[in-house]
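There are 2 protein chains.
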Amino acid sequence: MRIIEVTDSVSLKRDLDAGTSEQREAVDAIIEEVRKRGDQALFSYTEKFDGAQLDALLVEESEFLAAYEQLDPGVLKAIREAIENIRDFHQRQVQQSWMTTKEDGTILGQKVTPLDAVGLYVPGGKAAYPSSIMMNVIPAQAAGVGRISIVTPPQKEGTIPASVLVTAKELGVTSIYKVGGAQAIAALAYGTETIQAVDKITGPGNIFVALAKRAVFGRVDIDMIAGPSEIVVLADANANAQYIAADLLSQAEHDERASAVLVTPSSDLAEAVKTAVEKQLETLPKREIAAASIRDYGAVYVTKDLDEAVDVTNELAPEHLELLTEDAMALVGRIRHAGAIFVGPYSSEPVGDYFAGPNHVLPTNGTARFSSPLCVDDFVKKSSIISYSKQALKQNGASISALARLEGLEAHARAIDIRLEDE
Amino acid sequence: MRIIEVTDSVSLKRDLDAGTSEQREAVDAIIEEVRKRGDQALFSYTEKFDGAQLDALLVEESEFLAAYEQLDPGVLKAIREAIENIRDFHQRQVQQSWMTTKEDGTILGQKVTPLDAVGLYVPGGKAAYPSSIMMNVIPAQAAGVGRISIVTPPQKEGTIPASVLVTAKELGVTSIYKVGGAQAIAALAYGTETIQAVDKITGPGNIFVALAKRAVFGRVDIDMIAGPSEIVVLADANANAQYIAADLLSQAEHDERASAVLVTPSSDLAEAVKTAVEKQLETLPKREIAAASIRDYGAVYVTKDLDEAVDVTNELAPEHLELLTEDAMALVGRIRHAGAIFVGPYSSEPVGDYFAGPNHVLPTNGTARFSSPLCVDDFVKKSSIISYSKQALKQNGASISALARLEGLEAHARAIDIRLEDE
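One line per chain: the protein sequences are F and Y, in this order. Residues in the first sequence are numbered from 1 upward in steps of one, following the working numbering. Residues in the second sequence are numbered from 1 upward in steps of one, following the working numbering.
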């Protein structure tokens, strides 16, 4: 792990994988085929890419029952607790429609309407994270979305992991379709005989899924295309080096391109964390991935004081930020750019990944400068409401026409004038 | 104007101009040149494209004073009234940061932080709309954005229209730079000696501006790339055909590709509006543009009843929707997709373009299914806050570790365990 004295500008930015032209062409061809042949295309791609011969795309009731049999009761309890926490947090984000009235009869307002339908992509195999299902489904449900569908590639035997089925069922979502890749995104965007089209597609996926989401964007909405995960720990001399090392490694195990960074004014802490990272790495199951991440994208920035450490942190604009300093809560107001802020020694980043309540879908790659965690607002849209009375138009019509004519838009002005002339 | 009985699906969608490959290459080259040569590139492109030889990019105080001299006092009054209304509406959109606490010491929250800096593009010449400045600057100011810059191409003489300068000055924005096109977008995204980089770029522009915005998206945030304007009027037999015709034409005069549509169960009204549109067109200054729009993208859909008219309207998901029916306000709840809803006979669409208060930057091309008017939220970002106490981690640590291990992420589990072992 590199220890660096900050002298110049710092950045977490890595190039996003934009796909090769072969990949983009393959994705376009798959989308075209799904539009043309519908379900038949889905069945044949699933056989080709996932090795599964299916009779039906929709998961059956009996498969949910079997999944509950398989799941450890302790895990089921944890899933239920997490759902409750995440639901509680997201309910607090719900915005109300509002209206305001004036004495002249004017009514202005903002109507909040849930999206009609959304689709969630759940990756297959080891990346079929139950927590992703919670983090995407719960804000959509809190928003009041009427129809939520999940697509996920089946295993060779045509099955879906028990933890996925149980989590979805616990959330009340049973429209789960056994299809993955670009073909699943095409089905959600355009609809097939079995899968109804949706208005927005969210959830992580591999490069083919990301390219397909980009290709259908505009026809439907999509969430962000996330980059590799990041953590920045901002710590002072009294912070626990073992905790920090463990937290850095919890990001590093995600991906060889994940980035784990410590920013501290203490060169003693810098050395202690470096040593602890190396030591803890030794026994980690995913040590090869984590070691590559630490080597290529890990760093300790040593600053001249805490103020400079705050500046460096804001410049990095990290996805996850831990504050392990004295009176950490008082620093929150000085953090201008971060997806999620974990305050104090017991707020380890995994607390937020699974359990505490806030969303784990967060802006990466420096986009926390202008982007937000996935939230209820991402599953509603707003409409302005404007109701002018005769009196209100009479009072203000001349000003409105004047502004229209200032912009050279005579028909705009006449639409006002024709109503005033009627007097 | 075509009168159509609704038999099948309807749509307002038109292909967006994605630019030619020559245009995209030209834009990429301009961006590269601005990154390399900074202000010098801005001066030479401004000479080349706008025919203006400038000594300085920044508008000077004396130019604002001269602009006030030029402006009609009635127009200035209208600008001030509009600013007051728009500010009042957008202030109501401001979201507060919030926190919630639990007895075990847990603190969860959502911090709302304004963007550091935004840039507004204002087109040149006849499209230099003061209303665009108000509609982009006011939500950014209500959000608390610290630094707002305006870029706009100068006229040949090196000047900026008086209405633009006065509107900006009335809003308190004086960082106005005389540069337009892709070069202005590049300057806002990357910064030059004179123009500081921003976090988000908003505002309309021609195809070169749109392509440049797409090219820098990701480095900075951008607003939507808007399609041509649209209006749908939903009216019953008692609606005033002259009002409707005037309102349809007020959209049609914007652009040959604008779309103006009436949806009504009354074939008498359909005929009356068709006749009124033809008649009103005759004396319109922009009659050629408006006539082309009505011919190519105008339509009257005649439905079997009001319920079907509501369904057709939701299917169209228009940018602007006028409800000219009996008890129009009661219909608002049934409108699921529309950028702005104008209720009743005196709420002509231009009321919202300039004056009433809600934003005139609205989702086009059917995207009202999932997009919202420009608003204060577009100029802030949120950060989640998670603070767990020792007690809270002790109580919940086992569940968190169980979920981490369920997903095969051992380092995540150990980051929790190491803190519990310390007990």
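Check each hint, because a few of them may be wrong.
Any copy, or any two copies together, can satisfy a pair, since identical chains are not distinguished.
With a straight-line Cα cutoff of 30 Å, these simulated BS3-like cross-link-like pairs (lysine-lysine) come out [stated by the list, open to error]: (1) 279 - 111; (2) 286 - 36; (3) 169 - 304; (4) 156 - 274; (5) 36 - 77; (6) 286 - 304; (7) 77 - 48; (8) 279 - 102; (9) 156 - 102; (10) 102 - 304; (11) 102 - 77; (12) 13 - 36; (13) 390 - 77; (14) 126 - 169; (15) 13 - 77; (16) 102 - 36; (17) 48 - 304; (18) 36 - 390.
Treat the hints as calculated values from the structure; they're not laboratory data.
Next on the checklist: One pair to classify: residue 13 and residue 77, alpha carbons no more than 30 Å apart. Within, between, both, or neither?
Outcome noted: Neither: 38 Å inside a copy, 48 Å across copies.
Next on the checklist: My question is about residue 102 and residue 77: at a cut-off of 30 Å on alpha-carbon distance, are they close within one copy, between copies, both, or neither?
Outcome noted: Result: close only across copies, 20 Å inter versus 52 Å intra.
Item to check | Within, between, both or neither, where residue 286 and residue 304 count as close if Cα-Cα is 30 Å or less | outcome: Answer is neither: 34 Å inside a copy and 64 Å across each miss the 30 Å cutoff.
Checklist entry - Using 30 Å as the alpha-carbon threshold, which applies to residue 279 and residue 111: within, between, both, or neither? => result neither (55 Å within a copy, 36 Å between copies)
Next on the checklist: When Cα atoms must be at most 30 Å apart, do residue 390 and residue 77 count as within-copy, between-copy, both, or neither?
Outcome noted: between (60 Å within a copy, 21 Å between copies)
Checklist entry - Taking 30 Å as the upper bound on the Cα-Cα distance, should residue 279 and residue 102 be classified as within, between, both, or neither? => result So residue 279 and residue 102 fail the 30 Å test inside a copy (68 Å) and across (36 Å) alike.
Item to check | Within, between, both or neither, where residue 48 and residue 304 count as close if Cα-Cα is 30 Å or less | outcome: neither (57 Å within a copy, 48 Å between copies)
Next on the checklist: Treating 30 Å as the Cα threshold, decide for residue 169 and residue 304: within, between, both or neither.
Outcome noted: neither (52 Å within a copy, 41 Å between copies)
Checklist entry - When no copy is named, should residue 156 and residue 102 be tagged within, between, both, or neither for a Cα gap of at most 30 Å? => result For residue 156 and residue 102, the Cα distance exceeds 30 Å both inside one copy (64 Å) and across copies (45 Å).
Next on the checklist: As a check of your reading, is residue 77 near residue 48 (CA-CA no more than 30 Å) within one copy, between copies, both or neither?
Outcome noted: Neither: 37 Å inside a chain and 68 Å across chains, both beyond 30 Å.
Item to check | 30 Å Cα threshold - placement of residue 304 relative to residue 102 | outcome: neither (56 Å within a copy, 37 Å between copies)
Item to check | Identical-chain pair category, residue 13 with residue 36, by Cα at 30 Å | outcome: between (39 Å within a copy, 20 Å between copies)
Checked against the numbered hints above, the structure breaks hints 1, 2, 3, 4, 5, 6, 7, 8, 9, 10, 15, 16, 17 and 18 and satisfies the rest.
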